[in-house]
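*Asks:* Start from the sequences and build out the full structure, keeping to the hints where you can.
The sequence shown maps to residues 1 to 272 in UniProt numbering.
Keep in mind that the hints were calculated from the coordinates and are not lab data. As the structure is a computational prediction, the values presented were derived from the model and not from experiment. Keep in mind that a hint or two might mislead.
Said to hold, decoys possible - Listed below are the simulated BS3-like cross-link pairs for lysine-lysine, each with C-alpha atoms no more than 25 angstroms apart in a straight line:
hint, residue 1, residue 2
1, K56, K46
2, K171, K254
3, K7, K103
4, K86, K7
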Amino acid sequence: MKNNKPKVSLIIATYNWPDALDLCLSSIASQTILPDEVVIADDGSKEDTATYIQVKRNNFPCPVVHVWHEDIGFRLTVIRNKAIVKATGDYIIQIDGDVILNKHFIEDHLTMAQERCFATGSRIMMTRELSMDLLHGKSVAISPFTKGLRNRLNACRSSLLANYFRFRYKKDSPHYMKGCNMAFWKKDLLAVNGYNEDMTGWGYEDNEIAARLINSGIRKQYLKFYGIVYHIYHPLSSHDRETINADIFRDAVKEGSTYCKNGLDKYILIKN
1 MKNNKPKVSL IIATYNWPDA LDLCLSSIAS QTILPDEVVI ADDGSKEDTA
51 TYIQVKRNNF PCPVVHVWHE DIGFRLTVIR NKAIVKATGD YIIQIDGDVI
101 LNKHFIEDHL TMAQERCFAT GSRIMMTREL SMDLLHGKSV AISPFTKGLR
151 NRLNACRSSL LANYFRFRYK KDSPHYMKGC NMAFWKKDLL AVNGYNEDMT
201 GWGYEDNEIA ARLINSGIRK QYLKFYGIVY HIYHPLSSHD RETINADIFR
251 DAVKEGSTYC KNGLDKYILI KN
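*Replies:* Dropping the structure here:
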């Protein structure tokens, strides 16, 4: 895969937290294999985030694209769709701007990349204390042995175990996803029309797009012990739309949906 890898776009969702985004980008710059571009999907951050990105991109080892829209509420599905359309890569790896990547993260995703498949991985939760230490020290030096990790077993990296679990882990929960650690072929995302923008607020948007991909015959693989990310602590977002979003997800499963009406196609028309 290293010698014949697809063009990779790494999409990062962010909102008003440039300090966390700085750690995330620092971990990207240290990857064993760099993405071909970084696309920052910004759900309406204030000017300080734009200023930070403008400075950071000047000395970053790969192109950085900033996709922004106005802040009129939690619209993660919308900004992700806009970023997907903007991305030029064949393979899209998706993370959030509040994670620190293991240096092999991109390499691991590329090793597992397979046609007619999409992927999700695990995350390692960090305590508030460890998160504050890393943010204040602007350090991404973290390992499975770092004090202040929860579910630290997820931080262990093993190609042998990763290959064993890729189609076995959570086999009985096919729609289980972690939006901070996912990967898709762009053509597959376009075929299902991206994220369902009827889903606003927190929750279930990743499960719903997984349902449509699976209904389309795209197989899910799980990167267990591979594609490692460390999640920076923060208070939970509002779950006020969770029940509505859960119903949309369940309808997609029940109806065997392969395409959403309110998706990314509108941005392709604008782009063209």
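*Asks:* Would you pick out the hints that fail for this structure and give their numbers low to high?
*Replies:* none
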